[in-house]
Structure formats: C-alpha cells, structure tokens
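Using the sequences and the hints, build the whole thing.
Respectively, the protein sequence lines represent chains A and B. Just so we're aligned: 699 in this note's numbering is position 699 of the first sequence, and the numbers increase by one with no gaps anywhere. Throughout, this note's numbering is defined as the position within the second sequence, counted from one, plus 739.
Keep in mind that the hints are not guaranteed to be accurate.
What follows is a set of in silico ranges between Cβ atoms, one per label pair, in the way DEER data are often shown [said to hold, decoys possible]:
| id | chain 1 | residue 1 | chain 2 | residue 2 | range |
| --- | --- | --- | --- | --- | --- |
| 1 | B | V1080 | A | V708 | 26 to 32 Å |
| 2 | A | P608 | B | N850 | 48 to 54 Å |
| 3 | A | V341 | B | K1207 | 53 to 59 Å |
| 4 | A | R65 | B | H1375 | 48 to 54 Å |
| 5 | A | K688 | B | V1080 | 33 to 39 Å |
| 6 | A | S707 | B | G950 | 32 to 38 Å |
| 7 | A | V144 | B | H1375 | 54 to 60 Å |
| 8 | B | L1407 | A | S707 | 26 to 32 Å |
| 9 | B | G950 | A | K688 | 43 to 49 Å |
| 10 | B | L1407 | A | Q612 | 36 to 42 Å |
| 11 | B | G950 | A | V341 | 42 to 48 Å |
| 12 | B | L1407 | A | V341 | 19 to 25 Å |
| 13 | B | V1080 | A | L209 | 35 to 41 Å |
| 14 | A | K688 | B | E922 | 56 to 62 Å |
Hints listed in this document are in silico derivations from the structure and should not be mistaken for laboratory results. None of the values given here were measured: they were computed from a predicted structure. From the three backbone atoms N, C-alpha and C, an ideal C-beta is built for every residue, glycine too.
2 protein chains.
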Amino acid sequence: MRKESQLLRWIFWIVVITALFFLGFIIGWFAKPTHPNSGDSSDSRHYLREFLDEMRPETIRQHLRSFTRLPHLAGTEQNLKYAEQIMKEWQDFGLDSVEMVPYDVLLSYPNKSRPNYISIVDANGNEVFNTSLAEPVPEGYEDVSDIVPPYSAFSARGQPKGDLVYVNYGRTEDFFQLQRQMEIDVTGKIVIVRYGKIFRGNKVKNAMLAGAKGIIMFSDPADYCADGVQPYPDGWNLPGGGAQRGNVLNLNGAGDPLTPGYPAKEYTYRYSFEDGVGLPSIPVHPIGYHDAIHLLKNMGGKTPPNNWKGALNVSYRIGPGFIDDFKSHAVRMNIHTINQVTRIYNVIGKIRGALEPDRYVILGGHRDAWVFGGIDPMSGAAVVHETVRSAGRLISKGWRPRRTIIFASWDAEEFGLQGSTEWAEDNAKLLQDRAVAYINADSAIEGMYTLRVDCSPSLHTLVYNITKQIASPEEGEEGMSLYESWHKRDNWTNDRDAPRISKLGSGSDFEAYFIRLGIAAGRARYTKNKKTERYSSYPVYHSVYETFEIVEKFYDPSFRRLQAVAQVRGGLIFSLADSLLLPLDANQYADSLRKYAQSIAHVGQMHPEEMQMYQVSFDSLFSAVENFTIAARGFHERLETLNRADPLQVRLVNDQLMYLERGFIDPLGLPGRPFYRHVIFAPSSHNKYAGESFPGIYDALFDIENSVEPQRAWREVKRQISIAAFTVHSAAMTLTPPA
Amino acid sequence: MRKESQLLRWIFWIVVITALFFLGFIIGWFAKPTHPNSGDSSDSRHYLREFLDEMRPETIRQHLRSFTRLPHLAGTEQNLKYAEQIMKEWQDFGLDSVEMVPYDVLLSYPNKSRPNYISIVDANGNEVFNTSLAEPVPEGYEDVSDIVPPYSAFSARGQPKGDLVYVNYGRTEDFFQLQRQMEIDVTGKIVIVRYGKIFRGNKVKNAMLAGAKGIIMFSDPADYCADGVQPYPDGWNLPGGGAQRGNVLNLNGAGDPLTPGYPAKEYTYRYSFEDGVGLPSIPVHPIGYHDAIHLLKNMGGKTPPNNWKGALNVSYRIGPGFIDDFKSHAVRMNIHTINQVTRIYNVIGKIRGALEPDRYVILGGHRDAWVFGGIDPMSGAAVVHETVRSAGRLISKGWRPRRTIIFASWDAEEFGLQGSTEWAEDNAKLLQDRAVAYINADSAIEGMYTLRVDCSPSLHTLVYNITKQIASPEEGEEGMSLYESWHKRDNWTNDRDAPRISKLGSGSDFEAYFIRLGIAAGRARYTKNKKTERYSSYPVYHSVYETFEIVEKFYDPSFRRLQAVAQVRGGLIFSLADSLLLPLDANQYADSLRKYAQSIAHVGQMHPEEMQMYQVSFDSLFSAVENFTIAARGFHERLETLNRADPLQVRLVNDQLMYLERGFIDPLGLPGRPFYRHVIFAPSSHNKYAGESFPGIYDALFDIENSVEPQRAWREVKRQISIAAFTVHSAAMTLTPPA
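Structure below.
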C-alpha cells in the first residue's frame, strides 16, 4: 500500500511535470512568431501618426527662409552650397547615408559681357527701342548679385532681324490658323507669342517648323494676372517688368541633351552640340508685358480673332511688321546665350529598410531655382526637408521602415529635368528591379484654394486614406480632415463622389521614373481654384518675384498649407515604405483604363466611315481592358486570404503590385520618342490631346486629322491600338497567379 | 516548523514547475524552425540523384523513334499532331499544367504546283540542264509524302537570268576580295556561293548589298563530308543528291517578320510583306554538290585563290559566266516560293514551384523540323521529353521544386526562331521580372567526340558541378565522370585547366531570352572533335537524311550520349529550380569580362596613332571591369555569412543573382538592331568578329577598317566603349548591398 501510494505519487508527479513541460513547449511554440517580422501594423500606424505630427509649420518656414536667401541657379556655386547644407542637415537629422552625386551636363547661361535684348530698329539701323536687360529687383534684395536676367535657356545665338508676326499662344492650332485661314507665312519672320497653355519649348518647336527665324515670348496680363490682385510686392500678380525664364528644349525625356540614354559621367561619350537632343536652332527670348506693349502696339496686318486678344491695351494685330509710320521699322533679337557642359549635384539620402532593403520608395524634388525659388522649387524642398527631419526623429526613437526610403534633392530641373534624369539613367537597372514608387516634390504651393494631386491610378486609394489622417490647413476648418476640405472644394462629380485626382502630366522630375521606367508615381501640392482662376500656372512663375516673402505674405502666412502638403507627401512615402502589403490598388487602375479607352474610342468614332473603310476597331483594346479588370479583381480577392505570416507569399504579391506599373512600359518607346515608354501616360506630341491617355493612339489620330495619306495614317492608328491592347494584356498578366 | 516546511515545499514545487515550464517553453521556441522551408539541401541532392538516374537510353530512343516517323515542318498538320502528342504525354508524365500556345506568323513554302529549280539555258532559251527537284528519298521512307524539297525559305520570287559569279562562302571578306582585288562587279549577276562558315542569311544579305540579282548556295564536299566516311546510308556524310534547306532571313532577333516587338496574336497589327523585317529581295536557292558540279564545271573567268577552292573536281573559276563553248549559256533561277501567315503551336508545360512559384527556370527547344528532324531538333526534343518524364516521376514521389519549371516545345524555329521569340514577346514582362535561367534544347548531338557547352559565364561553375555527377557515356570509360571525359578531350588549356566552355552565339531559340531579355542561358550537346573534324555543322544538316537511323546507326547507337546530354540539361534545370541559393557565379562573369576586355583592347591597339589622334581609350572599360570584379567578389564573400534561414535575405541575394544577367542589357539595343540588347553577348554584324564579345565595339572597329570617314568611325568606337563601360558598371551595381 505504501509502495503503491508512493508509485502513484510518482506517476502523479511525472504526469504533472510532463504536462507542464508540454504546456510550456506548446506555449513556446506558438508564442514564437512564424517570422520575426510579420509586420505589426498597429506599431506602424502609431509611428505614422508620430511622423505626421512631427512636421511643423514653423520649421517648414525656417527651411524655406534658409533656402531662399540667395539665387541658386543650377551649376552655380550657391546651388552647390545649398547642396552641401542639405547634405549636412540630412546627416544631422539622422539618415543612414547621404551622398552628393555629380553629373556633367549641358547647361545654358546668358553671356555676362553681351546681354540679351530685343530692339526695334529704324530704317537706318538705329535702335529706337530696347527691351529691358533685367527685372526691377524686389525690395530687400537690392544688394543681391548673381540674379540671372530673364532668358530662354538653350536659345540659339544670333541677331536675326525681321518683321514680327503675332501667333497667339504659338500652339499647333494657332500656327494652322495663321497659315490656313489667315494665309500668313512666317518663313523668315520673327514670331511673337504669349506665354501660357503649352510648354514654351513646344512654342519654339512650332515656330521652327513654321520657318520663323526667331521667337519672342511675352507674359500677357490675361494669362499672368489674377483679377483684383495687385502686382508684387503689394499682391501676388506679375509686375509689368517681370518676365518668365525657362528652358526651350524639346527633350522628350532625354535628360542631358548630349548624353541621351546614359548618365553624364566623366567617361560618358558626349554628342556634339549639333547632334544634341532638342536644342532649338533659332534665337528665343522672353519679355514682360511692359516691353511687350512696345513691340505690339504698332503692329499692322490683320485684326486678330477674339480669342487671340490678351489684356493689354494694344490691337494684337497679326502683322507681319508694323503699321503706317512704323513700316520701315523692324525687330532685331540680340541673343548671345552660351551653352556649356557644367557640373551639377544631386543630394541622395537613404534610410535602409529593415526587412526589404532592396525595395525603394523615393521622395525627390529639385533644388535649383531660376532666382530665389521662393515657390519653385523651395516651397517643395522645404517640405522634403521637414519630412526628412521628421523621419530622423522617428529613427531616433527606434523606428526603421520595412523598405528603404530614398530622399533626393535634384539639380538642374529647370534645364530639362537633368539631375533626376541622369540619376535615373545611372541607376536604371536597380530602379527597374527595386523601385516601389516615386513621389515628386516640386513647388508645394501654386494657389490658396485646396489640395491638388496627380498620380498613377494605383495610388488613388492610398491618397484618400492618407488625406483622411491629415487636418485641413484652412482657417475655420478645425476638426475637418484635409480629405473633407479637399472633397468640398474639388469633387470628382461626373465620375465619383470623391476629391478629384488627375493624371500625371510631364514637366517635372517624375518623368524619368514614371514615363521612362514605369515606377508608380504621384505628386501633391496646394493649388488655386481652377474653375475661377484662369491665369496660367501662378503669376510670378520663374520671375525674380518668387521670394520667401510672397509665400509668407500671400500664399501661406501660417505655413499650414505647406505643412499639409508635407504630411501628404510624407504620409505617402511612409505608407509605401512601411506597410506589410503595398498600398497599391490595381482595381483603381482598371477603372481608369476603362475611362481612358472610352475617351479614345469616342474620338476614333468621330470618323465612322474611315474606321470601317480601313477596318479599324477599338474592340481589342476594350477586350484587353476587360481582361485587366478581371485580373485586378481576382488579384485583390486573393489578397484577402493571403497568409500574411509567410514572408515569401507576401513578397510575391508585393512584387506583383510593384511591377504593375512596369507592365505598361513598351521597351520600344513611343514612335520617335525612345524615352517616353509608358503606353498609358506620356505627353501626347500634340497640344490638342495634352492630358489624354494612350498618347500613341492620340498622336496617330491627330495625324489622321492632318494627314494627306489617310491609308498610312489609319494603318498607324491600327498599329497603335494593337500596341495598347497588347500592353494592357501584358500588365494584366503580371496580376495573375504566377504559375 | 511544520508550516515553514510546508511553505518550503510549496516554494520548491513552484520553482520546479516554473523551471520545467520555462524549459519546455525554451525547447519549444527553439524546436520550431524560423521558417518552415529553409531548404533541406540533402533532400534536394537526393532528389537530383534520382532525377538523373531516372533518365534512360532506351526511353530516349523510344521518344526519338516516335518523333521522327513523319516529316513535321512548322505550320503543317503533322507538326500540330506531334504538338498534341507531346502535350498529352507531358500531362501523363505528371506536369501541373500543359497548354498549347498558338501564334500566326509569316512562314514560307515552295509552291506545290510550280517547283523551284535552276536551269542552264542556251542562247535560244532552251533549258540544257535543270537542278533536281528533290533529294533521293532514303530507304524505308519511300512511301512518305510531304517531304518538302530543298528550298530557301523566304526567298523572293522570280526568274532572274544571268551570268554566274562564284564568291566562295559569300562572306563580307569574300565580296571585298572579289570587288577590290579581282575587280569583279556582281551587279545584275547571279552569285553562287558554298555553304559554311557563316549563316546563310548573311550570304544573301551580302549578295544583295553587292547588287546580285539572285544567289545559289551549294554544299561542297570540302565542307559537308568528313574524311573516310561514306555518304548516308552507308555512313553519315552528305550524299551528292542531298541539299541544305534553311531560312534566309536577316531578323536580328525580331521573330515573326511582320510583328517585330510584339506577339503575333489575332489582334496584332501586321506589317505588309514589303515592310517585313529581314525578307530578302532576290531569289535564293540551295543545291547539292551533284547539281553544283554542273553549274560550276564550265565557269570561266579568273582562277580562284587557293582558299576559294572546294573539293569538287572543277576549277572553281570566278566567272562571270561560262567558258569557251558555253559562253552563250546563262543561268536562270525559277523560284516560286510563297510566304504566308500560318498558325504555329508552342507547347508549354509547368511544374509549379513550392516556395517561389514566381521564379521561372525554363527548358525550351524546338519541335519543327525541315523533314524528319532525326538530329535537328528531335534528338534534343527526345531529351527534353525524357527530362519531363523523369521530373514527373519525382513529383509522383512527393517532390516539388522550390521554383517553377517551364518546359517548352517551340514551333517554327527553322523559320527564324519564331515560336520561342513570339512567346518571349508575349511574356516579356513576366520573364524580365521572374526568369532565373533559360536552358536551350536544340539538337542534342552533332558529333561523337565529347560534350559541348555554350553558356553565360555565370553558369560555368554549375556546369562543372553537374557534369561531375554524370557518368561518361563513352565505352571504356566506366567509372569516369562526364566532366573527366570532357576535360580529357577538350581542355581549356590557355586559360585554365578545366573543360572548355564557349560563349553563347546565336541561331537557336535562346536568342530572345538571352540576347533580348538578358536571362542567364546555356546549351549543351554532344559534338565532334573541332581540332580534327573541319566540316561545317554536321554533314547531313537540314537534309532529308537526318533520320532516326542516322542517330541509331552512327551518332549514338547506345543512346548513352543522348542520355548524358539529357542529364546535363536536366541537371542544370533541377539545380537552378531547387537550390536554396541560386547556383550562379558572378566571379566567373568577372573573369570572362576581363578576358573579353583584353581581347577588344588588343584589336583597338592595332591602330595606335588613330587611338591617340581621336583620344580613344579603353581605360573606362577596364576600370568598369575592375569595379565589377570587386563587386562580384564582395557579393560572394557576403554570401558566406548569409542567414540562410531568413527567407527575405535569401530572396534578396537570389534576386541579385537573377538580375545579374539583366544588368548587361541596354534597353536602347545595339545600333540599328533594337532586339539585340545584350552589350556583352550578341552576334557581331560582321563575320570577321563572329564569336567576339562587346559586339557594339567590334562593329565600330570593323567600320574603322572599312570606313572613308575615320573621324566619324572613331567617334562611334568611343561611344561604344562608353556604353560598354556604363553597362558593366550598371551590372556591378546590381551586386552591391542594396542600401
């Protein structure tokens, strides 16, 4: 009995001990995560909140103040100094690495000893009027040297003399109207056009194609003054002495004109100036409206159509040449601008990803400015700076994003997106394999009304989610989210009840990333009310009046709008870098594709007989879009049941999302434009279809409308539809299960 | 005391229980693997052994027998039937999925009612001699219909009549010698050239460039008969009535001539025949040496240089035209070949990867044959079939590879690699993102001597490892490995003590995968002794005499050579698909790049004055190669300390290895050849530099040697060196730590 009880006791204890051991074992087994980093999203949400809250109006103000004291044109010493300052401050903020990346690219400057100007000369060759050599310097900046006078970068040199012809905005349709309806030939003439509506480089190209030997561009008050607003410094309108600088290249995404396709390094082969990409062959010069009055007021020739008339007190007669007493007067351009290979500097900062260091989320914007860059680009650069500061604070608290974040301060954007494009060319392989998204950070503000976002359809959902977590910066909207404030002001009425998001266009540093490499991209800034404010861009654009004070006094006195933009740009970067599953939405892409296909088919169907005669149909495109829609839906449905604890399965679907945008790239590029390769989103070659998608098809349709060889033109439409359909099918394939 | 002791006892038990719980917890924690699939390499090795052992000579023999009973030209019903048979058998073998993938491509056939032939016509226009309309059919195949007579696919139609000019092999240097030294102009003449040395399409291109109005190609016994060997069926030499079929396109990787860059689907835009890629504009026809004697024997004109003489008992005089009594005779070609868009069928089979289904390892080879395809391609297709059978057996035992394996039976390879290229175009995005390697499976045997491997340098190490695990198929070499047998016969003496591995050239289905998309690729087959056997290819190449029997009687009676080739191809696929770490070697790539750079610099340095005058230097290329070498070394060193249990870290380095080959792709392509994009490995445009690397630089150097504009030519050399240096730097970047 005693023995038995002892035995029982032993058995009892053995059972207890074994049971406890197993209990421990089992708890240990299950307590251990399948993967040490399956993504704690409550942690990530918490850090996102901290990240957004850390960005402050006052520090943004300080950054902007600090970055706008001196002119810092690309290629100048001052712009290198700012690069060094940014590099040092990003290091101090706590980035893992910051480096300066130089390239040697073709830039263009006025000749300091021979200023550019335009004269009216009399029959004896005397200059009876000369345009001003500089803008009146704004108060407080009188002692600043190195303000580059208004000029057209990359203008050809020369002193052409001839009669003026006025061609409105210098668009294709303006030249068509001039030639076909007014029957005026501009061969050997100097054309004068007003700024606005299209990129100035295209005005120059159109003038060249029409045979002009020079082109003058002026800022008309109709396009560069808002109603009821005073000229700077009393308001934010363009003064009469102000003029718009800018490059006049036709690069189509090539970057440095002498090294298309390759980064402009020491060992890189450079084309001769004659063979460079997009350099105009005629002199070009910009003037303000005070000077423009003198050139326009005595012009003769036909009276203009009403929509060719600006807001100056002149007749806007077409020419050629001057009227009556002034018949013997001619115009001479005196352009001595010098193109030269110059060193530029990008600043590249990185936060190494904790789990997927080989996935890159990029926030990039330019640093170079025509003068002070109060708006363009330093309002954007200040915002990036604040984002870096806030990220640094998080790092000091132990945070590290899942993926690598890259911050970029680009150089020479104003000379044709050169810094960003050369870096994209330099790193093309890595970016193609590894880049998740690119967020652009040019000017953060161009108006005082509401948010403006342009992005890939795959980012729509994320943009809405982020803006719901940000406060409205507007006075009287305390407690309202940015999303609500934006929604109230700019509803996407026809399509859906949500704030309007636009397509990404061109003309800023996202081009190489989005249009050439196919990386999902977006941009966000504060903007004007497009329905009521009809001026182009913002009035003082690219003038000396883009100062710190114009932002502080007029655009954003509280700096809360810039704060909101910082939070949007930063929030996008944060979510893209730190979410377990990439916050990209293929269903939104499907919806957008359907709309775009409907638009283009609608244009095509305006030619029903030819469509039938040449057997052209959009069916294959619609069928491809349908196929994409099904693939996208299936993809997102499968995401619901994804085992998020399996790192390889998560990586697999994230790779599908990452490569979705890549799916729309045609490696052969658009016809004649090898660096524009995005079949859905690239600028059309023709202003008529600017802002449309499927540029290849639109360009072909434009040729239909203007071609003498309809059969050939319609064959090209067919070919482009076929390429578009194939590309959409290809993109759909990237979303289907991989095997 | 009692209470105290009870307390102590409690404490004791609590401590014991807690200790046991923690012990259990800790054991549980550590017992659980960090990731369920960290790769059991002993399992994988075991399966590899089983996979290799399962491949049997007898079954390979059966596959070959079954696939060579009937002619199966691309686009014919019989070739579709074989596709259906392969599809069914692959399903039966146990693949996860097998599908038939059709394309509609441009093929070319003789007109059945108007046969192609060449005549000698007398002064009255009477045909005094006609070439044969078909080859004598080999014994046992007398009742077979649908044997296509020898023809040049894609020949232009026409009946040109004129004097013959003999131009040796029709190489660039042959035409140069003809024009510059012999001062003979072939404008308006018909040229006759012997087969061999270069691709027949290039002979046609050269003839066209020289102004010929037709071209005849013949198989000279000097190039198509081995010493001491009887003509088939008594031996494996080409009989006098045999002739070599083949396409005469100049595609440069375009695939279907009517849909370059895009897959030839229903909705795809097709160019007109006139705008098709690479179609010759003159008639072309192939003949055997019996017929050639008749055309050559009465030729007049200059006596040829010795190296222009073949082995026929004729003078090999150059012409133009015939001698003496035959002066009034001329030659007329009668070519009625028809190009037509025709449906072709690839068969695609898949084994889904267990852990990384989105990583693809591809084994592809063509199925279409000019006639029976005893060697080309069915010796290769039989080997693929056996590999699929063996893989199926493994699957039935529970094996599943880490990555997805894709097996492909391509169609219309003989018409310009069309099946493989169209599928590559169709799946370009997926392949670019996901393909690890492509192993090609064309003819598995072309000689009886030893193994021949051509592959990317990154595969060298794997090829050696695999061949060490395979037995030599040679009699008397029992117990010797294939590696040893191969090493003994073909040592890479100058460079290293190991079997020779060559560069991948062009002309088989790997082109689109390797040269266009930059996927690591390789091929393996049994070959002749290159040092002693000087004939081109193998004698009966593309003739009706490529039967099952020629393999069974002469090339591989035991079928052990084909078994060895199956094991090499299969072993490569297995290792690439199942290894935890991809078995690709960047250090080998570095070694190869150094050799190639030295070779090209050596050629450049034969022009020292010009190099100096035009400031051309190879320094940037050498510096890039050095940079690549350091990156590769660092990469493999870091692999040593990789945490192989971390799936994301493993995936990261595997992605670096996978994208290494992609790093050598220039998206802009080689000059004028947009589908040849591999900067290191693409065929040079000139036969003189065939087999060299850095084709862009070699082509530019060729132009130096033949250009009248040295400055422009040297600028192009500079440009190409700069592109090569950049590309090597780019590839090096893919190997450095990602952030």
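Results of checking the hints against the structure:
no., hint, in the structure
1, B:V1080 to A:V708: 26 to 32 Å, "holds (30 Å)"
2, A:P608 to B:N850: 48 to 54 Å, "violated (41 Å)"
3, A:V341 to B:K1207: 53 to 59 Å, "holds (55 Å)"
4, A:R65 to B:H1375: 48 to 54 Å, "holds (51 Å)"
5, A:K688 to B:V1080: 33 to 39 Å, "holds (36 Å)"
6, A:S707 to B:G950: 32 to 38 Å, "holds (35 Å)"
7, A:V144 to B:H1375: 54 to 60 Å, "holds (55 Å)"
8, B:L1407 to A:S707: 26 to 32 Å, "holds (29 Å)"
9, B:G950 to A:K688: 43 to 49 Å, "holds (47 Å)"
10, B:L1407 to A:Q612: 36 to 42 Å, "holds (39 Å)"
11, B:G950 to A:V341: 42 to 48 Å, "holds (45 Å)"
12, B:L1407 to A:V341: 19 to 25 Å, "holds (22 Å)"
13, B:V1080 to A:L209: 35 to 41 Å, "holds (39 Å)"
14, A:K688 to B:E922: 56 to 62 Å, "holds (59 Å)"
Violated hint: 2 only; the structure is consistent with all others.
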